[in-house]
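Chains as they are written, first to last, in this note's numbering: chain E, 1 to 86; chain H, 1 to 586.
For the record, the hints were derived by calculation from the structure and aren't laboratory data. Possibly wrong hints are sitting among the right ones.
What the hints assert, rightly or not - Think about it this way: if two alpha-carbon atoms lie no more than 30 Å apart in a straight line, the pair counts; the simulated DSSO-like pairs of lysine-lysine are:
| # | chain 1 | residue 1 | chain 2 | residue 2 |
| --- | --- | --- | --- | --- |
| 1 | H | Lys402 | E | Lys81 |
| 2 | H | Lys402 | E | Lys80 |
| 3 | H | Lys323 | E | Lys80 |
| 4 | H | Lys409 | H | Lys332 |
| 5 | E | Lys71 | H | Lys494 |
| 6 | H | Lys323 | E | Lys71 |
| 7 | H | Lys494 | E | Lys81 |
| 8 | H | Lys491 | E | Lys81 |
| 9 | H | Lys494 | E | Lys80 |
| 10 | H | Lys332 | E | Lys19 |
| 11 | E | Lys16 | H | Lys332 |
| 12 | H | Lys502 | E | Lys81 |
| 13 | H | Lys321 | E | Lys81 |
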Amino acid sequence: MNIFERILEDPVRFKKVKKIFYISLILMALIEVAIVYVFHLGHGYFWFEGIPAFGSIYGFISCALIIIVSKFLGHHWLMKKEDYYD
Amino acid sequence: MIEWIHPGVFLIIGALLIPLFKGRLKQVYLVALPTAALIGCILTSQGTHGVIHFLGYDLTFGRVDRLSLLFSYVFSIMGIIGIVYALHVKDDAQHISAMVYVGSALGVTFAGDLFVLFIFWEFMAFSAALLVFLRKSKEAVRAGFRYLLVHTFSGVCLLGGIIIHLSQTGSIAFNSMMNYEGGIAFYLILLSFMINAAVPPFGAWLPDAYPEATVTGAVFMTAYTTKSAVYVLIRGFAGTELLIWMGAIMAIYGVVYAVLENDCRRLLAYHIISQVGYMVCGVGIGTEMALNGSASHAFAHILYKGLLFMGAGAVLEMTGKRKLTELGGIYKTMPITMVLYMIGGFSISAVPLFSGFVSKSMVVSAAGESHMMIPFLMLTLASAGTFLSTGLKLPYYMFFGKDSGIRVKEPPLNMLIAMGMASFICIFIGVFPGSLYSLLPFPVHYTSYTPQHVMSALGILGFTALGFFMLLRQLDPEPTTSIDTDWFYRKGAKVFMWLANKPVARFEYNVVGEAYEFVVRKPILGIAHLLRVFDTNAVDGTVNGVGRMIVASSMIMRVIQSGQVQHYAIIMALGIFAIVALIILL
Numbered sequence: 001m002n003i004f005e006r007i008l009e010d011p012v013r014f015k016k017v018k019k020i021f022y023i024s025l026i027l028m029a030l031i032e033v034a035i036v037y038v039f040h041l042g043h044g045y046f047w048f049e050g051i052p053a054f055g056s057i058y059g060f061i062s063c064a065l066i067i068i069v070s071k072f073l074g075h076h077w078l079m080k081k082e083d084y085y086d
Numbered sequence: 001m002i003e004w005i006h007p008g009v010f011l012i013i014g015a016l017l018i019p020l021f022k023g024r025l026k027q028v029y030l031v032a033l034p035t036a037a038l039i040g041c042i043l044t045s046q047g048t049h050g051v052i053h054f055l056g057y058d059l060t061f062g063r064v065d066r067l068s069l070l071f072s073y074v075f076s077i078m079g080i081i082g083i084v085y086a087l088h089v090k091d092d093a094q095h096i097s098a099m100v101y102v103g104s105a106l107g108v109t110f111a112g113d114l115f116v117l118f119i120f121w122e123f124m125a126f127s128a129a130l131l132v133f134l135r136k137s138k139e140a141v142r143a144g145f146r147y148l149l150v151h152t153f154s155g156v157c158l159l160g161g162i163i164i165h166l167s168q169t170g171s172i173a174f175n176s177m178m179n180y181e182g183g184i185a186f187y188l189i190l191l192s193f194m195i196n197a198a199v200p201p202f203g204a205w206l207p208d209a210y211p212e213a214t215v216t217g218a219v220f221m222t223a224y225t226t227k228s229a230v231y232v233l234i235r236g237f238a239g240t241e242l243l244i245w246m247g248a249i250m251a252i253y254g255v256v257y258a259v260l261e262n263d264c265r266r267l268l269a270y271h272i273i274s275q276v277g278y279m280v281c282g283v284g285i286g287t288e289m290a291l292n293g294s295a296s297h298a299f300a301h302i303l304y305k306g307l308l309f310m311g312a313g314a315v316l317e318m319t320g321k322r323k324l325t326e327l328g329g330i331y332k333t334m335p336i337t338m339v340l341y342m343i344g345g346f347s348i349s350a351v352p353l354f355s356g357f358v359s360k361s362m363v364v365s366a367a368g369e370s371h372m373m374i375p376f377l378m379l380t381l382a383s384a385g386t387f388l389s390t391g392l393k394l395p396y397y398m399f400f401g402k403d404s405g406i407r408v409k410e411p412p413l414n415m416l417i418a419m420g421m422a423s424f425i426c427i428f429i430g431v432f433p434g435s436l437y438s439l440l441p442f443p444v445h446y447t448s449y450t451p452q453h454v455m456s457a458l459g460i461l462g463f464t465a466l467g468f469f470m471l472l473r474q475l476d477p478e479p480t481t482s483i484d485t486d487w488f489y490r491k492g493a494k495v496f497m498w499l500a501n502k503p504v505a506r507f508e509y510n511v512v513g514e515a516y517e518f519v520v521r522k523p524i525l526g527i528a529h530l531l532r533v534f535d536t537n538a539v540d541g542t543v544n545g546v547g548r549m550i551v552a553s554s555m556i557m558r559v560i561q562s563g564q565v566q567h568y569a570i571i572m573a574l575g576i577f578a579i580v581a582l583i584i585l586l
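In isolation and in its complexed conformation, chain E is listed as follows (with noise of 0.2 Å):
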């Protein structure tokens, strides 16, 4: 058994890593929302950049939108059975 294992296949530990997983989401969003209006550090190109947490919320919908969009074209025109070409 690898450490990896030891992790994954321990429901107690598996639960534990989900909730790091959960809490460091949510230490990021605020560390990000809080360099650009409490630190004042840093300044972005564009106006939406100055939205609280743009990086977080631009990330999910892109992730969201990605996977969506392309699985509709997929399934209603791009993907075929696997002896299409034969």
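Following the hints, complete the assembly by docking chain H onto the known chain E.
Coordinates of chain H only, in the frame set by chain E:
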């Protein structure tokens, strides 16, 4: 005293001697070839070397400046890593074509004029096609021919562009083409470069050919063809506005297909298209910062993409499986491969402290600095998609996910060492970006590690991961293939063959054949008959008549030509006498 040896020569000439070595010595020799090339590149001083006067033109084999040196370094480093990865392969042909391929990429890098560029351009196409053929399966041979077809077309475009350019300007020098913007030569050469850079709709050859190449050959292929195209684009087409949009579209195009893909190496191939999109976009923006970004991203990309292909190749080599639907749970027995793959995955996803972060952000920031809002948003969106597919989807379904029950060992040691070398450089560049920045063509006034930058990158990545786990079921790979623009020539060829076999052949047999009988064959026979009659009566008669006349006159001549000197002397004397008489009397 030889002033300069082209580093590519070590590889191209050296490759031919590979079959002479055996066992351990061969392995040493194989690693020595790209190492010698790297040392050659490092020792090369800036300036113009290797100019050969040929047929009235100066062919420049060594145009050495900061830009060509940067690419030559990474090309030779990747050559070393690639050959270490391939050391266990027993097939000499693969080693030879790989080394010739790397050597010709160096040839393209140092080419100072368009002729030399063209020569190495063709060399690259053929040696890379061999890496596909040498997998020897039916699919590989077919894909190899398609690869060759596309790249021969690209070569023809390049040659056509060069000849038109030469006839218009009288020069074969390869510098910025921006003064000739709008001309046919400009667009032909640009088209050729765009085909090799896999810019859609001309990029379908890439995900078609790379997954069919040999395990080790694919690692080489990921590095050279597209990135040498990026290099020549930087040289010739910096500031071409079209490229900004093509690049931004490309970045998203690759991401969309990667979401649909089930074949590991095909998914990674689509992410080459996506990543090269950043570089092409940078070339289009054309500012010093953008070109620095393109060049540095090419440098970082070659190494992490090689690493990703090595990881997927190691899984393919050990399990024999290439589809995500058939893999899963193998992290239990291949943890080292998994960790090394993830270093590549983090690098391509631009996680801070990995190489992609310091290079990709430069291109995106250049778009911001030039106030290009839409490209900026498109590239940022694509970077979320990059992490989604290469950093999350692929490793999840390949190494974790539903346990496929496959239990295989780690790959051979040389493969792990090669992956370790690439991982080391990926992290090194990420931690010490100055080491890469100091090699860039223009002075760098840019810091990637600002608090806002780092946090915004982490935000994008973190919430992409959240989206991934929330929509996980949507993303399950499906055993399908996706149609791309290669559809036109793959299905197109079928339509062409059907047309040739069915309607055209039938038309030919029933209509053209019959018509031929009446319109061509019969009249020709009739005319031939007439000609024969004319021939026997008129032509033969004339010829025979001439013959008879000659026989008769030669009978007379025979009497005169007695062969005795006295007779000739008398005739000459009579002749002279007659001439003198004529002169006096007249």
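Now for the hints, and whether the structure bears them out:
1. Lys402/H - Lys81/E: holds, 23 Å
2. Lys402/H - Lys80/E: holds, 24 Å
3. Lys323/H - Lys80/E: Between Lys323/H and Lys80/E the Cα gap is close to 15 Å, so the pair holds against 30 Å.
4. Lys409/H - Lys332/H: holds, 10 Å
5. Lys71/E - Lys494/H: Holds, at roughly 28 Å.
6. Lys323/H - Lys71/E: holds, 18 Å
7. Lys494/H - Lys81/E: holds, 17 Å
8. Lys491/H - Lys81/E: Within the cut-off at roughly 14 Å; holds.
9. Lys494/H - Lys80/E: holds, 17 Å
10. Lys332/H - Lys19/E: holds, 23 Å
11. Lys16/E - Lys332/H: With a Cα-Cα distance of about 20 Å, the restraint between Lys16/E and Lys332/H holds, given a limit of 30 Å.
12. Lys502/H - Lys81/E: This hinted pair holds, its Cα atoms lying about 26 Å apart.
13. Lys321/H - Lys81/E: The given pair, whose Cα atoms are some 18 Å apart, holds under the 30 Å limit.
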